[in-house]
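**Student:** Listed below are the residues making up each chain.
Protein chains: 2
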Amino acid sequence: MNITIAGAGAMGSRFGLMLHEAGNQVVFVDGWKDHVDAINKNGLQVNHDGVEKVVKIPAYLQDQVPSDFKSDLIILFTKSLGLEGMLHSLKDTIDKDTRVLCLLNGFGHDEKIKKYVPEENIYIGNTMWTSDLEGPGKVKLMGWGTVNFKNWVPGHEESAHEIAKVLSDAGLGAEYTENILEVMYKKICLNATLNCMCALLECNAADFGDTSTAHTILTDIITEFAAVAKAEGVNLDAQEAIHFIETKAYNRETLGLHYPSMHQDLIQNNRLTEIDSINGAIAKKGRKYGIPTPYSNLVTNLIHAKEELRKAK
Amino acid sequence: MNITIAGAGAMGSRFGLMLHEAGNQVVFVDGWKDHVDAINKNGLQVNHDGVEKVVKIPAYLQDQVPSDFKSDLIILFTKSLGLEGMLHSLKDTIDKDTRVLCLLNGFGHDEKIKKYVPEENIYIGNTMWTSDLEGPGKVKLMGWGTVNFKNWVPGHEESAHEIAKVLSDAGLGAEYTENILEVMYKKICLNATLNCMCALLECNAADFGDTSTAHTILTDIITEFAAVAKAEGVNLDAQEAIHFIETKAYNRETLGLHYPSMHQDLIQNNRLTEIDSINGAIAKKGRKYGIPTPYSNLVTNLIHAKEELRKAK
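The listed protein sequences derive, respectively, from chains D and F.
Going by this note's numbering, the first sequence opens with residue 254, and the numbers climb by one from there.
Going by this note's numbering, the second sequence opens with residue 254, and the numbers climb by one from there.
Bound-form chain D, shown alone (with noise of 0.2 Å):
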């Protein structure tokens, strides 16, 4: 299959890398001009799960994407903040034939897909894999993980399964998932919780979890995603999310001493973060449902004015 990797940062070079591997054209599109040269120049250089490897995979810059590029499937693997401007730079590219499966975090991308891609063409979902991008041209690829998703449109799960059995096959776990809302709201859980915080008081996570008040503050947080992923008729069992980010995140031994990716933008390289698809999405569904959300406002407009006071771009 032709499949163009947009976005190929840490989670996009492992997409790209793996379906290569499993017999697909892949090509990458970045925004990062470093990025892009070193992986032209010297193959994208990879270490997966220790052992090191360069792989030659074709990188265009975002904006040099020749208007002829055609592909099956696109994996939209951008930062929320910078989805509209691939999709503006792919949508020569985007014919009545293009999928485009979306696997950023967080909620609301679908409103600035649809201005691009049919909707009939558009596969939302999300992903558990993890990797770290430690240069231009460079990843570190470590552990398992899963993929989930389906078709934005009733009607096409057919060609969803296909994508499916595609990344299955290169060994990235995918799955057509009936209730993908579900899954995505648990994810959103983790994000929406430990990584603001991580970023407002700049700290890990497990300092954050030995912190008398994390519970409370996860557990407001989480309560009211609950009531509003009740409104769309997803069940989002607030108990079962916040105990697994306690059992899993805090763990010094494991992921605790990480800190979360809101933390890396903002604080480490004084970046805008994703907050409007996570919380500022959130509180953007309760305006629309009726449904309160005073703890997914002022977690956003904290992070907002953080960003501002830091000067971050």
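Just so you know, these hints were derived from the structure itself, not from any lab.
All values reported here derive from a predicted model rather than from experimental measurement.
Be aware that one or more of the hints could be misleading.
Intra- or inter-copy, both count: the list cannot distinguish identical chains.
Said to hold, decoys possible - List time: in silico SDA-like cross-link candidates among lysine to any residue, alpha-carbon distance up to 20 Å:
1) K566 <-> D460
2) K483 <-> R540
3) K566 <-> N432
4) K564 <-> E455
5) K483 <-> T500
6) K393 <-> N293
7) K332 <-> N444
8) K306 <-> K566
Dock chain F against the given chain D, drawing on the hints supplied.
**Tutor:** The following block gives chain F in isolation, referenced to the frame of chain D:
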């Protein structure tokens, strides 16, 4: 009048000095040994609106107050976290004739005071005076202010007026204030928004005011305060309180470059904050009256998390 200033920090020193200069017998009691020693050895060194002076006022270290020591009036000016310890130190000096005026920031101090003082001897209010403690035994007093308070138990208005006269005779601009809760709610709005946000986001008032989300954050918190005030029969005009902060506190020519006291406590000096007497007290009142206080809850929990992460003491 024999007056004990219980808590001889910046504000206590101002009140003690002005009451002493008006002819009252003033004694300081404080928990900071260097400060007490400096006052006793060298006198209180004051810069009062640009005039330097040294004033001899006796000072006791908090746990060395003689048990036969008596005063007509104790003015409480500790930090809220130091209040109970101070009352405990003074308990043997408090009898049925000792009136106690509490001018601490925030709410909820009455619960502690009632354990040590008969309710009919309690007077509660606040002050808009400012002052700076520049070091042990050294204060800088500038500007002008007011004091508002009333008797805690009805029927003691005459005594409240008498205390107000003593303070006003000393130039402290004191007023018996029937709707004292309204005045206290107005003042707490500033502490609950600007103080907390500057501590949480580690910025000054003007920089916080410049963020695009400051107005919404203020509005959300103060609207919640107004709902709790209403349940107590107090009319807090949220719009007026917001307008006051936005027009006075952000101005870079006057107060805007100021780092509020919670920033001084938590960020500059790694001390525990008074959050439980401010946003925490409103959350507690909310639970009592069945008013949801999500904004107060989250701000309180975030500040406590930050105290713990910084190992504040």
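**Student:** None of the hints should be skipped; say for each whether it holds.
**Tutor:** Hints, one by one, checked against the model:
| no. | hint | result |
| --- | --- | --- |
| 1 | K566 <-> D460 | between (27 Å within a copy, 17 Å between copies) |
| 2 | K483 <-> R540 | within (14 Å within a copy, 25 Å between copies) |
| 3 | K566 <-> N432 | neither (35 Å within a copy, 48 Å between copies) |
| 4 | K564 <-> E455 | both (16 Å within a copy, 14 Å between copies) |
| 5 | K483 <-> T500 | neither (25 Å within a copy, 42 Å between copies) |
| 6 | K393 <-> N293 | within (18 Å within a copy, 66 Å between copies) |
| 7 | K332 <-> N444 | within (14 Å within a copy, 37 Å between copies) |
| 8 | K306 <-> K566 | neither (33 Å within a copy, 51 Å between copies) |
Violated hints for the displayed structure, listed by number in ascending order: 3, 5 and 8.
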